[in-house]
Amino acid sequence: MSSLAELQARALKEIREAADLEGLKRVEQVYLGKKGELRQQLGQLSSLPKEERPAFGKAVNDCKLAISEALEERERELQAAELTARLSGEGFDPTEPGQPFETGTLHPISQITEELVDVFQGLGFSWLDGPEVEFEYYNFDALGIPGDHPARESHDTFWLKDGNVLRTHTSPVQIRAMERFGAPLSVIVPGRCFRNETVDASHEHTFYQMEGLMVGRDISVSHLVYTMKTCLREILKRDIEIRLRPGYFPFVEPGFELDVNCPFCGGIGSPDCKNCKVCKQSGWIEMLPCGMVHPDVLRSGGLDPEEWTGFAFGLGLQRLVMVRYGVNDIRDFTGGDLRFLRQFTRV
Amino acid sequence: MLISLNWLQRYVDLSGLSPEKIADDLTLTTAETEGIHPFGEALAQILVAKVIDCGPHPEADKLSVTKVDAGTGELLQIVCGAPNVAKGQTVPVILPGRRLPDGTKIKKGKLRGQVSHGMICSERELGLSDEHKGILVLDTDLAPGSPLTEAIPVRDVLIEIDNKSINHRPDLWGHYGFARELSAIYGRPLADPLLGRSLDLPQEGETLALSIDVPSEACPRYIGAIAHKIRIQSAPDWMRYLLIAVGQRPINNIVDLTNFLMLDLGQPMHAFDLHAIRGQRISVRFAKEGETMKTLDGEERVLEPSDLLICDAEGPVALAGIMGGENSMVSGDTQSLFLESANFHPATVRRSSARLGLRTDSSARFEKSLDPSLAEEAAKKFLSLLPEVSPGAILAGPLQDPSAWTYEPKRVHLRTERASRILGIQLEESKVRSILEPLGFELTKEDEKSFIVGIPSWRATKDIGIEEDLIEEIGRSYRYDNIPEKAPLRRVQAPYRDPELWTLRKIRHILAEDCAMNEVYNYSFLGDELCERLGLTDLPYAEVTNAIASHYTRLRRDLLPGLFGSMALNLGPQDQVALFECGKGYRPDQAGETRVDPETGQTRSLPQEVHQVVGLIASRKDKGAYSLLRGRLEHLLTRLGRPQFSSKLLQEAPPWMHPGRSASLHPPGDPDAPAFGSIGELHPRILQNLDLDLGEDQAAAFCLDLRSLLAVPEQPLSYRPVPKYPEQPVDLAFLAPEGLQVATLTKLLKEANPKLVQGVRLFEVYRGKGLPEGKKSLNFTVTLCSPKRTLEAKDEERYINRVRDLARELGAELRG
Numbered sequence: 069m070s071s072l073a074e075l076q077a078r079a080l081k082e083i084r085e086a087a088d089l090e091g092l093k094r095v096e097q098v099y100l101g102k103k104g105e106l107r108q109q110l111g112q113l114s115s116l117p118k119e120e121r122p123a124f125g126k127a128v129n130d131c132k133l134a135i136s137e138a139l140e141e142r143e144r145e146l147q148a149a150e151l152t153a154r155l156s157g158e159g160f161d162p163t164e165p166g167q168p169f170e171t172g173t174l175h176p177i178s179q180i181t182e183e184l185v186d187v188f189q190g191l192g193f194s195w196l197d198g199p200e201v202e203f204e205y206y207n208f209d210a211l212g213i214p215g216d217h218p219a220r221e222s223h224d225t226f227w228l229k230d231g232n233v234l235r236t237h238t239s240p241v242q243i244r245a246m247e248r249f250g251a252p253l254s255v256i257v258p259g260r261c262f263r264n265e266t267v268d269a270s271h272e273h274t275f276y277q278m279e280g281l282m283v284g285r286d287i288s289v290s291h292l293v294y295t296m297k298t299c300l301r302e303i304l305k306r307d308i309e310i311r312l313r314p315g316y317f318p319f320v321e322p323g324f325e326l327d328v329n330c331p332f333c334g335g336i337g338s339p340d341c342k343n344c345k346v347c348k349q350s351g352w353i354e355m356l357p358c359g360m361v362h363p364d365v366l367r368s369g370g371l372d373p374e375e376w377t378g379f380a381f382g383l384g385l386q387r388l389v390m391v392r393y394g395v396n397d398i399r400d401f402t403g404g405d406l407r408f409l410r411q412f413t414r415v
Numbered sequence: 142m143l144i145s146l147n148w149l150q151r152y153v154d155l156s157g158l159s160p161e162k163i164a165d166d167l168t169l170t171t172a173e174t175e176g177i178h179p180f181g182e183a184l185a186q187i188l189v190a191k192v193i194d195c196g197p198h199p200e201a202d203k204l205s206v207t208k209v210d211a212g213t214g215e216l217l218q219i220v221c222g223a224p225n226v227a228k229g230q231t232v233p234v235i236l237p238g239r240r241l242p243d244g245t246k247i248k249k250g251k252l253r254g255q256v257s258h259g260m261i262c263s264e265r266e267l268g269l270s271d272e273h274k275g276i277l278v279l280d281t282d283l284a285p286g287s288p289l290t291e292a293i294p295v296r297d298v299l300i301e302i303d304n305k306s307i308n309h310r311p312d313l314w315g316h317y318g319f320a321r322e323l324s325a326i327y328g329r330p331l332a333d334p335l336l337g338r339s340l341d342l343p344q345e346g347e348t349l350a351l352s353i354d355v356p357s358e359a360c361p362r363y364i365g366a367i368a369h370k371i372r373i374q375s376a377p378d379w380m381r382y383l384l385i386a387v388g389q390r391p392i393n394n395i396v397d398l399t400n401f402l403m404l405d406l407g408q409p410m411h412a413f414d415l416h417a418i419r420g421q422r423i424s425v426r427f428a429k430e431g432e433t434m435k436t437l438d439g440e441e442r443v444l445e446p447s448d449l450l451i452c453d454a455e456g457p458v459a460l461a462g463i464m465g466g467e468n469s470m471v472s473g474d475t476q477s478l479f480l481e482s483a484n485f486h487p488a489t490v491r492r493s494s495a496r497l498g499l500r501t502d503s504s505a506r507f508e509k510s511l512d513p514s515l516a517e518e519a520a521k522k523f524l525s526l527l528p529e530v531s532p533g534a535i536l537a538g539p540l541q542d543p544s545a546w547t548y549e550p551k552r553v554h555l556r557t558e559r560a561s562r563i564l565g566i567q568l569e570e571s572k573v574r575s576i577l578e579p580l581g582f583e584l585t586k587e588d589e590k591s592f593i594v595g596i597p598s599w600r601a602t603k604d605i606g607i608e609e610d611l612i613e614e615i616g617r618s619y620r621y622d623n624i625p626e627k628a629p630l631r632r633v634q635a636p637y638r639d640p641e642l643w644t645l646r647k648i649r650h651i652l653a654e655d656c657a658m659n660e661v662y663n664y665s666f667l668g669d670e671l672c673e674r675l676g677l678t679d680l681p682y683a684e685v686t687n688a689i690a691s692h693y694t695r696l697r698r699d700l701l702p703g704l705f706g707s708m709a710l711n712l713g714p715q716d717q718v719a720l721f722e723c724g725k726g727y728r729p730d731q732a733g734e735t736r737v738d739p740e741t742g743q744t745r746s747l748p749q750e751v752h753q754v755v756g757l758i759a760s761r762k763d764k765g766a767y768s769l770l771r772g773r774l775e776h777l778l779t780r781l782g783r784p785q786f787s788s789k790l791l792q793e794a795p796p797w798m799h800p801g802r803s804a805s806l807h808p809p810g811d812p813d814a815p816a817f818g819s820i821g822e823l824h825p826r827i828l829q830n831l832d833l834d835l836g837e838d839q840a841a842a843f844c845l846d847l848r849s850l851l852a853v854p855e856q857p858l859s860y861r862p863v864p865k866y867p868e869q870p871v872d873l874a875f876l877a878p879e880g881l882q883v884a885t886l887t888k889l890l891k892e893a894n895p896k897l898v899q900g901v902r903l904f905e906v907y908r909g910k911g912l913p914e915g916k917k918s919l920n921f922t923v924t925l926c927s928p929k930r931t932l933e934a935k936d937e938e939r940y941i942n943r944v945r946d947l948a949r950e951l952g953a954e955l956r957g
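These protein sequence lines are chains A and B, in that order. Following this note's numbering, the numbering of the first sequence begins with 69 at its first residue and continues without gaps. Following this note's numbering, the numbering of the second sequence begins with 142 at its first residue and continues without gaps.
The set of hints was computed from the structure by calculation and includes no laboratory data. Each hint should be verified, as a subset may be incorrect.
To be verified - Computed Cβ-Cβ distance ranges for the label pairs, DEER-style:
#1 A:215 / B:680: 41 to 51 Å
#2 B:796 / A:307: 54 to 64 Å
#3 B:888 / A:405: 43 to 53 Å
Note that beta-carbon positions come from the ideal geometry of N, C-alpha and C, so glycine has one too.
So that you can see chain A by itself, here it is in the shape it has in the complex:
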């Protein structure tokens, strides 16, 4: 019996001293395993006198129970210690970046176009396109810019050998849209336009414009103000003030320049406005030309100006991107250099 007591004491000591779960497993094997010491003890059972057997059996069993309990307890202790150790977070650097993977990018003009399309789509405008090589008629005459009109000069037109032109604005699609869809009508036309200009950091012969047109029974200047304000608020992502002032474009009457309160200083009355170089202390920046569709333009589109009125506007897309991201060279847009294009990763 004394050897059992000694065995138990030895086992419990080793259990207490087991440093980890693996060590504990080994201790368990030594004492409770198939060839463990307790089994060996039990093997002696048959060599004992019959009357001693029950007591010995019980003693072995008690011993086994005691060891098992101690094992379980120690296991819990060790598991808890191990969890604590795993949670210590040693060797973890929260600033270490993840593994990069290949991605692509959309051209910034594509991105701004989509943004505009989404805003106007939400207001019920349809997204249209038109030919980039255009009849002289649609580009000029139908818009009230006949052959000797001085406005033609400022358009610096590329003429093709077949007598057609590279469209100088997206406005010809006003006529095409009216011819195709009639009225009422709400469309936007983002697209590529061309002017014969010498290219430098702020001038391009290829540029992107977005035309907008709304025609209805009683469309008025007050509708223009509402629509422009709503859209520009979405596009510029801030609450804005706008103002209209006279501006001349042959295909609108009355015609306006639309200004937005300066995004850099906040506009007149803000403390920074007195030093603002962007709006030159005026508090306003020129945003887009717009106006009420000229009755002759409605007629060109097959609509009766007594019955229908409308407004139109044009937005320069490169300029919008340039203002938003501070791009200072317009040539980057068509330069094709990925070191420029890959910076626009918002989409």
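For chain A, the structure is supplied; the task is to place chain B on it using the hints.
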């Protein structure tokens, strides 16, 4: 254009209004102002001084040494080089440390040993004229030390007007027009342009034989007058100061007077030296072929029959409305002059001045369609000012005005209700009247709801012609910022969605986001150099007649050549590029939209514009570009609802595609239908021409024709239940002859047991070492699955045996 507040003040009282307010109000109602510039500040730094003593310089003949009282409390010694300096004069003096108007800083100095505490100034040094023969002697009683601006009232405030914003307003090219606007804005009276001066014109007297030998449209009006006893000298101070302030250099009294009137009323005029006019006659005619004349800038001009000329009996004396001739200009000896105040056809002037590269203040104004009434008004004002400008001058004869020009006011119908409807406000009749009348419009009531509006001559030439023009006048004076915003009420309806545009948008996202490709934009122009390098010069291009630069004469037919340029550019900094572009190619050999001009009956057509999506992958290091790109293209087609298509070797490959390693893409099951795209390796010659050292399978490109792609019906997405029984993947390797296509084997693998085969995927193609010549190894994974039961080994065995037999018939050997 600069407008001077002093000048405006002659016609309208602007007291109590700050320059900022005036500029703002002009911007919101009339024309864009670009800035406010104070003028003459520099002259306030210069002092009125008295020359107390003046004697010769001991060391230099041409210098004088003066003692000057500039109010500083001590006499200053100043060395002066002017011949006219004398004791007792009152002169302008600048002290050391201050700056002249041109920015020059004056320092205390020594001239030949004599200390000089500043400088006595000439008119040129003060920026007042070109006069530099001597110092300016002032006629003033002001105490020494007074600022010069008290003696010379040149201080002014200038408002800069954006010329573009008044291109459509011929009446705003002189100060009087702006004064008229301001008088309407502020409700203050407008003085008459002659400022009450009287003019006694002789009823008869000396004239020239004056004839307008062109249609009246080309020269609606030509007024002439003769004056004698002219003395060429300086113009009066007040006139010179106004001219200086707006940046017009004073020259002499007669030239200054014509310039003054141009800037005052907006009417360009020309004064000829009468004695240079040959044969006592002036005619207006078009130039003859090959005729030449020397303009007063000394240039010999070669003329064309579209150029309008002013001629005397022997030849041209002026290029009408643009510039006078050198032969007849006013000079220092001029004693008699012939004054021209005329009106010329805007487009004629514009075309000649553009062709000759000779844009002048005069041509810029005539281009705007000036009011012919103004010619008479300006002539009268010139003659009324002449006695003051050139004392003793005599008008020798009447105003000659041979054209029968009279202005019958244009009348426009105006409905108050229409104006309200377009502006979005409720207008009262009285409001309409109170806005339009101060601007010179004459309103007569036609009926309950409308007016007949008489248009003043200065707004009638091109500016105001229809009701909407008047509505604009009402709107701008009412002020657009007083118009409240209002949401348009419209029927709710889904906007039209253009299939091409919305598909392109989706394509862009798939290529950028899923396929990790980068979008670029190239010009629609195909650069000559690129075109030649790529050997593409012989194709039919739409050509530009007035190319921006000689290297951009053609419009691209296809997008890929441009994308090759982007590839070459980016393969420097990067080892590998994946690019795409969406855009249009222009095909003049394929007629697009056609239009018959209703007037000429002429038919024109536009080149066909093809919408292309192109992409490419190129790598300096690795092969496999084709497969990488094809995988992306297949993904794109799957996402576009067209996972199935057929392909075959590209026939009639464009010069940039590898003729033996390119495929054309066709609708599924119909490889003979027209292709909707192509994909392949790039032609080795193209790579070589681009100086790119890329070998086999290091660069591949695809091109999709959007319209053809959309014509391929979308394949319905059909749902298949998730299998209930396990799927059994089977790997099969074939040794196949090169001629046996993957598509054929794929079909075979499916047809070997259509019920059990759920999917067939090629996972490896191997050629080369270990294989017999002309053979390739194709490795597939076939997924077998039954909807009814778990497959057993014998099912797989049976399938493999069937495949083995079928493959053998095609000359392929199933290995293993």
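Right, here's what the structure says about each hint:
In this structure the hint that residue 215 of chain A and residue 680 of chain B lie 41 to 51 Å apart at CB is violated, the actual value being about 33 Å. The hinted window of 54 to 64 Å between residue 796 of chain B and residue 307 of chain A holds, with their beta carbons roughly 56 Å apart. Separated by about 45 Å at the C-beta atoms, residue 888 of chain B and residue 405 of chain A satisfy the suggested range of 43 to 53 Å.
The structure does not agree with numbered hint 1 stated previously, though it agrees with all others.
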